[in-house]
Amino acid sequence: MKIDNAREEKKKKGQKRKHQNDQADMEMLKLRAALEGKHRSNGSTVLKSAKAQKRQKSEDSEDEFYRQVKQKQEAKKAAKAEIYSRKPYLIPSSPDLVDGRRLISNQMASNRGLTRKRNKDHKNPRKKYRDQHKKIVINRKGQVRDIRTQVGPYAGETRGINPYTSRSIRIKNG
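Residue numbers (UniProt numbering): 1 to 174.
Hint data in this document are derived by calculation from the structure and do not stem from the laboratory. One or more of the hints may lead you astray.
Said to hold, decoys possible - Keeping only pairs whose Cα atoms sit at most 35 Å apart, straight-line, the calculated DSBU-like set for lysine-lysine is: (1) K54 - K80; (2) K51 - K70; (3) K134 - K117; (4) K76 - K54.
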């Protein structure tokens, strides 16, 4: 508020100076016209005074417009400040007295401290065992061959025969 008042006072002083300068200019023009002998009662000086009056009116209307704009901006800022300002809320004094031990809050219950990083896939036990089974099945394929069914008439071994591998079951003697 103090800043706004100071600005308005400066504007008023400036307006006074401008008005005083206009009056001084008018007097100077009258003197010149009188000296030159071209002074006319309804001449150019009247026109210039009319121009000065129009200028004064336009400045007043401009000042009024700027004042209105400034008031709107201040109102907007005040509304925003009211919306976004933090209002201190009351902290409940002492909770109701409970017989026996005091109950823990949610924050206390969820305070887990330092815990190791756990695998996301093992959160759901069903998924964990499904993945475990898939892994075991893959390992088993290396131990036991899957049964291939014959599609058409026998056409020999399509993959060829490797003499260095033995995949038969050995029968132990004894």
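If you draw a straight line from the CA of K54 to the CA of K80, is it 35 Å or shorter?
violated (39 Å)
Between K76 and K54, does the CA-CA distance stay at or below 35 Å?
OK: K76 and K54 at ~33 Å, within 35 Å.
For a C-alpha distance cap of 35 Å, please report whether K134 and K117 respect it.
Roughly 24 Å between the alpha carbons, so the hint for K134 and K117 holds.
Under the criterion that the straight-line Cα-Cα distance not exceed 35 Å, is the pair K51, K70 satisfied?
Holds: K51 and K70 sit about 28 Å apart, inside 35 Å.
The structure does not agree with numbered hint 1 stated previously, though it agrees with all others.
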